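Chains R and A, in that order, are what the protein sequence lines are. Note that my numbering numbers the first sequence so that position 474 is 474, with each residue one more than the last. Note that my numbering numbers the second sequence so that position 269 is 1269, with each residue one more than the last.
To be clear, the hints were calculated from the coordinates, so they are not data collected in a lab. Treat each hint with caution, since some may be false.
Below, in silico cross-link-like pairs of lysine-lysine (DSBU-like), each with a Cα-Cα straight-line distance of 35 Å or less [what the hints assert, rightly or not]:
id, chain 1, residue 1, chain 2, residue 2
1, A, 1171, A, 1149
2, R, 108, R, 594
3, A, 1192, A, 1238
4, R, 145, R, 359
5, R, 359, A, 1149
6, R, 358, A, 1149
Computed spacing ranges between beta-carbons, pair by pair [stated by the list, open to error]:
id, chain 1, residue 1, chain 2, residue 2, range
7, R, 52, A, 1125, 49 to 59 Å
8, A, 1119, R, 101, 50 to 60 Å
9, R, 321, A, 1191, 31 to 41 Å
10, A, 1088, R, 91, 43 to 53 Å
11, A, 1057, R, 52, 44 to 54 Å
12, R, 101, A, 1120, 46 to 56 Å
Covered stretches of chain R (in silico footprint by chain A; criterion: 3 or more residues with CB under 8 Å from a CB of chain A, positions within the stretch not fixed) [unchecked claim]:
id, stretch
13, 118–132
14, 171–181
15, 378–391
16, 444–455
None of the values given here were measured: they were computed from a predicted structure. Don't be surprised by glycine CBs; every beta carbon is placed ideally from N, CA and C.
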Amino acid sequence: MALISTILALRRDARILKVPPYLSAFLILVGVAWLLVLPLDEYARNTYVSENALLPGQVHTYFTGSEHNVFRAYRHEVATLDQWSVEDRSRRLKDMFSESNLKVASQKYTYHVSGRNISNQNVYAVLQGPRADATEAIVLMAAWKNMDDAINYSGVALVLALARYFKRWSLWSKDIIFLIPGDSTSGSQAWVDAYHNAHDPLTIESLSIKSGALQGAVAVDYPAGPWGHRYDKLHIVYDGTNGQLPNLDLFNTAVSIAAGQMGISCTLQRMFSHADTYRDRLQTIFRGMLSQGLGHATGPHSAFIPYHVDAITLVTVGDGWHDEMSLGRAVESIFRSLNNLLEHLHQSFFFYLLLEAKKFVSIGTYLPSAMLIAASFSIMAIAKWVESGRPPKPPNPASTKPTTTPSPSEKDTTTPEPPSPELPMVVAKIGAETTLLPTSSLEITERSLFFPLAFVLSTHFLSLLPLYTFNNLPQAHLRTTFFLAANLTPILPLLTAFLLRRLAPSRPSAQEITLIQCFSLLFLGMILSTLATLNFSLSFFIGVLCSPLSFVRMTRNYVASGAMFLGLAVLNPVLVVQVASQVGGVGVLEVLLKAAEGWHVWGLWTQVVVWLVWWPAWFVGSVVVALGFF
Amino acid sequence: MKFSPALLPLLAAPFAAAEHTSNWAVLVGTSRFWFNYRHLANVLSLYRTVKRLGIPDSQIILMLPDDMACNPRNAFPGTVYNNADRALDLYGDNIEVDYRGYEVTVENFIRLMTDRVPEDMPRSKRLMTDERSNILVYMTGHGGNEFLKFQDAEEISAYDLADAFGQMWEKKRYHEILFMIDTCQANTMYSKFYSPNILATGSSEIDQSSYSHHADSDVGVAVIDRYTYYNLEFLEDKVRDPTSKTTMGELFDSYDEDLMHSRPGIRYDLFDGGEDVARSRRILDFFGNVQNVEIDTGGQRNETQWKEELEAIERMIEEAKRRHNETLNVRPHAQHIVEEAEQMRTQQTIKEGAARVDEEADWKKQIIGAAALLGCAGIWAAGSLFESF
């Protein structure tokens, strides 16, 4: 009891309100530092294949010899298709599949995004496992055009050659689907949606033949032309839409087969020369987090991952001595491993950060980082709530007591203050005891909740407007609208603050301002901690970019207000997006187009977080600061 | 009843550590799934070996929880190999699987061992052993400290197994058991045994894994485990035919820790006579079938022995006859039948080496019987007499 009452008494301690900002800052620092130590050997772990059934690299591969001639012939044939119309191309691809005695079909799809049409055709063939029960399937695909918009000649030829080759084996325990999507992102999305009957039949054709539940998908991206190109490394792309990742076992299988069996070194996140130093590892983590945080589709495989179909893309990079057959054998071996699966990949991690091809950090190690940052907002929200419940000027308990024995040194400078006569006092009687208390310590401070709640909620609600606008505006207006938004965003808080003061001069009282901040931070903290479990990277980045919001406050000091407002204006979401896209070397327009495509086609949620979480939080913080000016 | 040294083993069975009269093998694989191919190959290798050495299919209980030969992933449909050279198809044409698929459960295994089975259980699924049967129990699968997993669904503990063997001993269901197990931490599985006459060996110590020997790169999985591989290698090389005199000791001495990558264990203490007796048991006492044929070789020496024996028996018969004539002259006819039967029996036993021992027809028993009958008649007569009053 004594302990509890001591702790309860602490609530009244003025010092306790001084702690949260420091604690909050400390958590942010620890959160960032946490991420910086992850590349160290003490925190990174070596990858391992934890699914027993996979047995990667235990089989001889026979995709060699005369298969090479078959492949070359296909590659030449594919090379002649690049000038053909989509219809003709699809028909020819279908013919080539059916010549290998496979069931074949095609699918037309059209998406309307930002006023333009994304329209193409997918071609796919189904190899029924000769002794299988047709309840499961694995997918091998090569998009007609890769992510850099280059025609995937060798990739498509490899899928055709492997389809012909796989047909001759009798050991498939699952059906194998060979898919040639019309493009790298929307094509595979249309196909996967239709496969799971989650498509809009008006614009996307339903699939005429299907197989069992998809167990895995591997995409090949090898844009070498008809005369081939020897590559140096395999770049394994694994990010799915919204930062979802495939099971680590699939990635590990690909690495262990490519590196262990075929001798092809593997790389990831465009770290084409990775020296395994701290710096390179950190950079790999950072790139991985950036890709995850953006949540965009990074290849034909990305569409599969939201359907819980583990998928990766193998991209050939560099100039080296590995030829198409070694890639084909690697794919063959990966498929033999996937063929061994008895159930869905589930043993290994779904949440991880990779440092290099054979080192990773698991969620238990990295999650606290984003959680600490999210907690810093929650702590400040609680502090603001407590602060809002205090009387406007808390009387100093020390000043009410007559100092009986003033120290000699203080005597010269300060005279002992008698209890101020104007301080209202009440006499309290508890049993036989009588005591004199200042009235203010017994008063209950009412919190006026309506205005702060209405303000925060309406801000969040109104931010639906830019979300809708940017998702649906035609391409031609996107850029101008964006620059309008970029100019409007810093002005809007000032305008809002000015109007608030003008319309109701006394309205946002100090307590209401505190409560506005409290609700905004509470919302931010809760959303970010939830988001951290779904998309760690996005939560981390938004958390770091929002971190000043915990510390800004309304002050009548114009210099301080100006500095704070300037700082916030620099970190405003629209400006950050603009600067980041310029640093990243892609135009703002492309980012906006991809975002709109993501919203309508891939089911991307990043802009929801930006517009409905980040932007309102920033706006509320800026309004609070701007109120100091008026 | 001591007729001759040749009969001694048969007639003195209950008293001394004598020979067994039948051999049984219980071969159990406990794991499913394609990547456990090697466990099925282990069991089938043992199956093939005991068949080669003479145990008939009717005395082999083969438990296979999965069918690797028909798995769609098998690049060679209908076959199971235990070596990457694929010289020998273990599945072959003549294989009798007694418990297959989901029939391989802990319950079924313990019911089999203790013979607690329903009446309609076919004989092929029963272990029809008695106190003169030697049993080879071979198990393989995934195990751990004092347990062995069955089918990814349940496990048998070392205590369950020990109790099953204990109950078998109480029910006189075995003479001697050779227990072999190839699994991780295998030696813990026999650590709880308490019933006598069990010779146990396992592939690895506590906290040790058992490893596979090699993989077949076309089948794509490991095809045999190390412990089983080296046991088989010895059996193939040193026990070439069903008359081999190779002993268990020689097999145990061949175990090489460096080759097996684990420390195999052997438990002698339960065996009657301990280590020396256990080691001197022939391998065929467990892996082969009883084949106690008295071979008529050499002629001369044996013939004299035969004659001596026959004379000795003759004398015994004469002696018995004389005694019977002296004591049972009241019933000469009955006596004659007894004599003849005994004569025939002795001759048969000498020829074939096996005979049924009849209950002794003693004159004392005849008198007791007659007295009992007379007594009954007397009681009946007395009863009718009382009733007539």
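Taking the Cβ atom of residue 1057/A and the Cβ atom of residue 52/R, is their distance within the range 44 to 54 Å? Taking Cβ atoms as reference, residue 1057/A and residue 52/R lie about 33 Å apart, which means the hint is violated.
Residues of the stretch 171–181 of chain R with Cβ under 8 Å from chain A, three needed, outcome: holds (count 3)
Between the alpha carbons of residue 1171/A and residue 1149/A, is the straight-line distance 35 Å or under? holds, 27 Å
Could you check the hint for me, namely that residue 52/R and residue 1125/A are 49 to 59 Å apart, CB to CB? violated, 31 Å
35 Å limit on alpha-carbon distance, applied to hinted pair residue 1192/A and residue 1238/A: Distance of about 31 Å is within 35 Å: holds.
Taking 35 Å as the top limit, are the C-alpha atoms of residue 358/R and residue 1149/A close enough? Holds - the C-alpha atoms of residue 1149/A and residue 358/R are around 32 Å apart, at most 35 Å.
Starting from the range 43 to 53 Å, see whether the pair residue 1088/A and residue 91/R falls in it by beta-carbon distance. For residue 1088/A and residue 91/R the Cβ distance comes to about 51 Å; the hint holds.
Verify the CB-CB distance for residue 101/R and residue 1120/A against the hinted window 46 to 56 Å. holds, 50 Å
How does the coverage statement for the stretch 378–391 of chain R fare against chain A, requiring three or more residues with Cβ below 8 Å from a Cβ of that chain? Answer violated; 0 residues pass the 8 Å Cβ test.
Taking beta carbons only, do three or more residues of the stretch 444–455 of chain R come closer than 8 Å to chain A? violated (count 0)
Taking the Cβ atom of residue 1119/A and the Cβ atom of residue 101/R, is their distance within the range 50 to 60 Å? holds, 54 Å
Is the Cα-Cα distance between residue 108/R and residue 594/R 35 Å or less? This hinted pair holds, its Cα atoms lying about 21 Å apart.
Violated hints, listed in ascending order, are 7, 9, 11, 15, 16; each of the other numbered hints is respected by the structure.
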